[in-house]
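Protein chains: 2
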Amino acid sequence: MVSVEFAAKDAFRAVRRGDLIIVVDVLRCSSSIVNAFVNGVKAVVPAETLREAFALREQHSDYLLAGERRGRKLRGFDFGNSPWEFVQEAVDGRTLIMTTTSGTGALVRCRGAEHVLVGAFLNAEAVAKEAAAIAQRNELDVSFVLAGEKGLFSLEDFLCAGAIASGFPIGAFDFSDEALAAVLAFECAKNTLGESVRKSRHAKHLIELGFERDIEFSCMLNRFDLVPIYRDGKVTLMQ
Amino acid sequence: MVSVEFAAKDAFRAVRRGDLIIVVDVLRCSSSIVNAFVNGVKAVVPAETLREAFALREQHSDYLLAGERRGRKLRGFDFGNSPWEFVQEAVDGRTLIMTTTSGTGALVRCRGAEHVLVGAFLNAEAVAKEAAAIAQRNELDVSFVLAGEKGLFSLEDFLCAGAIASGFPIGAFDFSDEALAAVLAFECAKNTLGESVRKSRHAKHLIELGFERDIEFSCMLNRFDLVPIYRDGKVTLMQ
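If you're matching them up, the sequences are chains A and B in order. In terms of the numbering used here, the first sequence opens at residue 1 and continues consecutively. In terms of the numbering used here, the second sequence opens at residue 1 and continues consecutively.
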């Protein structure tokens, strides 16, 4: 079965079911993580709080700090949460400590699960392929955990779950009503993804803050063939 | 703003916002109510419990009993909950007491709202037109309350919310992420509505029980130009 939890606070259900979990936070945490790996990051350590992020940096002076609160880069941080910030010259071979309003918290809530992948439009097809292979090999069900914003349903994450689910091998899984709905919505939106996503609540907020470019970047579909995996407190690239 | 509450238990939010509410339970309560009015029913009184339904019948011996538990018609009832049961010879001029697992409860939860319409695929366009007119005239926001099944998200009700919302005058309302998603999913499914709905959890259950014909009937789009409205404890036809 392929299920979808619409809000990060319900991640525990996916963990309790023992599912392979795909965490989705298109705007912008998942997309930032994907692009960081594209540019050579070694690992991303999600931190739930600022205090935790700064404490990690104290312990590891070579780690870089990335993230946002209310959409904005934080004082003392090396990066905000715009995917395109993570260029090779800045991040190659480095470890990032990342703390965002929704996405990093969603990851941490899934720490009890054995397989937690990070999904975005940017790597939708790659995640679909890996998730399906792991789930079939281990006879697991699959759950999407949508980070949303403030615990609310978010259009862009829903569409991304649909993008990934539509890449699963046909007939390999039963789909919940939520997953069927996500696939239908994605099928309708896929050729005008940026346009559909720009109508979402969170995108409108980001546009107000001047982050329109982040939306364009994050809405590129199947651009990268890599799959970040969260395990033992950090995200690394699946080999 | 057009919002969508995915589960009937959250109807209170729509009531608290003071919204015009459209209650949707495609399989099968909304569709049954619509077809009952098509065939001349005078009023439908939703009852939450069997006890309440039988008490109403005690008081009004000319009322007819309709409804289901676990999908099946109940002992002592005149009708089950199949839309096509409510033929003119049986219901013309009569009042129905109706109690179903999800739909009638969803209606009753909305009793605190001033405008509560009953929406189905069968009357989607008519409901869109009436709801938009009332909301614009009274400067109200609109909420869909999806009955679902056992408090769960249901694909068919989500698609129906999309069907109705896509009939609102363009640009007249802002859409929440949920409403945007519903419209996208409906746009993708609209030409093969029965096929999409048959994949839903509740439809599969109804097919097992032998009610496949109810699904076909309920998936006819914009078949009837009438709008049932729930007010003062009963559903009547909007004039």
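By construction, these hints were calculated from the structure, which means they are not laboratory data. Ideal placement from N, C-alpha and C gives every residue a C-beta, glycine not left out. Fair warning: there could be bad hints in the mix.
To be verified - Derived Cβ-Cβ restraints for the label pairs, each shown as a range:
(1) B:Gly171 x A:Lys9: 28 to 38 Å
(2) B:Met1 x A:Arg16: 30 to 40 Å
(3) A:Arg213 x B:Arg111: 41 to 51 Å
request  = If any of the earlier hints don't hold here, list their numbers in rising order.
outcome  = none
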